[in-house]
Amino acid sequence: MVNMKFLAFTPLLAAPLAAALPTTSTGNTMASRSDSVPFSFEQWADAIAKGEPHLSVEEAVQAADAANSGPNGNVERSLEKRLRCNHLDLGSAWAPDAVACINQLASNGQTCRVDVTVAFCTIGNAQIVGVRGGPGPYTESSCQDVARAAGYVMDNCWRADNTVQGDHYAWGNGNMAVHIAAPSI
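Residue numbers -20 to -1, 1 to 165, in mature numbering (1 follows the signal peptide of the UniProt record, and there is no 0), belong to the letters of the sequence shown in order.
I should point out that these hints are in silico values taken from the structure, not numbers from a laboratory.
Certain hints may be false.
[Claimed, not checked] Listed next, with one range per pair, are the computed distances between beta-carbon atoms:
#	residue 1	residue 2	range
1	Gly152	Glu39	23 to 29 Å
2	Ser87	Pro117	27 to 33 Å
3	Gly71	Gly31	31 to 37 Å
4	Asp141	Ala99	19 to 25 Å
5	Thr91	Asn142	14 to 20 Å
6	Ala140	Gly114	17 to 23 Å
7	Gln90	Ser164	40 to 46 Å
8	Val98	Ala46	33 to 39 Å
9	Gln42	Tyr118	33 to 39 Å
10	Asp141	Gly89	29 to 35 Å
11	Asp95	Ala140	32 to 38 Å
12	Asn142	Glu32	25 to 31 Å
13	Gly113	Glu38	30 to 36 Å
The beta carbon of each residue, even a glycine, is placed where N, CA and C say it ideally should be.
All chains should be modelled from the sequences, with the hints used to inform the complete structure.
Structural data, given as structure tokens:
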């Protein structure tokens, strides 16, 4: 004989499980992230590279500023990681133009190759440049790994005057430095 009391409670037991199931969403996953997770250009570039839903260039700049990771952002967060910022004799890039370059590179499924120095992207007053280091006649990385490195520079070197300058190595390639600065080549 079946215990009818247990059957009466079965829907109540299943409700929390159903609520925990993932739902399909056509919305922008980056725009709906928790406010406790700060915006990151590095993660934004990675989402573009993976073909995941992502913010537009303008939305990304606004999200970074709103999440206190932009030029007027949280000082403690900006000191978490230090890389080479503002050390080049070149001018600084305009941050929104640099973000547009990151978007272009992250969307590019190609290989970015450097013999000595090459401009991967120039938009407005921003340029993302690759510089070869180490042995060999050239080095290469996916343009998406170059975009992630540039995103890391944006996350850590964006200044209050809405400019950025700095460099970081392409992800997975210690022989390619990725610079963001004003156009120079």
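Quick rundown of the hints versus the structure:
1. Checking the proposed 23 to 29 Å range against Gly152 and Glu39 shows it holds: the Cβ atoms sit about 28 Å from each other.
2. The given range of 27 to 33 Å is respected by Ser87 and Pro117, whose C-beta atoms sit roughly 28 Å from each other.
3. Distance hint check for Gly71 and Gly31: the Cβ-Cβ separation is about 34 Å, which falls inside the suggested range of 31 to 37 Å.
4. Checked against the given bound of 19 to 25 Å, the beta carbons of Asp141 and Ala99, roughly 23 Å apart, stay inside it.
5. Between Thr91 and Asn142, the C-beta spacing of about 31 Å breaks the proposed range 14 to 20 Å.
6. Checked against the given bound of 17 to 23 Å, the beta carbons of Ala140 and Gly114, roughly 35 Å apart, lie outside it.
7. In this structure, Gln90 and Ser164 break the distance hint of 40 to 46 Å, their C-beta atoms being roughly 23 Å apart.
8. Restraint check, Val98 to Ala46: a C-beta distance of roughly 34 Å satisfies the suggested window 33 to 39 Å.
9. For Gln42 paired with Tyr118, a C-beta distance near 38 Å keeps the hint of 33 to 39 Å intact.
10. The hinted range of 29 to 35 Å is satisfied by Asp141 and Gly89, whose Cβ atoms lie roughly 34 Å apart.
11. A C-beta distance of roughly 36 Å is found between Asp95 and Ala140, which places it inside the suggested range of 32 to 38 Å.
12. Between Asn142 and Glu32 the C-beta distance comes to about 27 Å, which sits within the given range of 25 to 31 Å.
13. The hint said 30 to 36 Å for the Cβ distance between Gly113 and Glu38, and at roughly 34 Å that hint holds.
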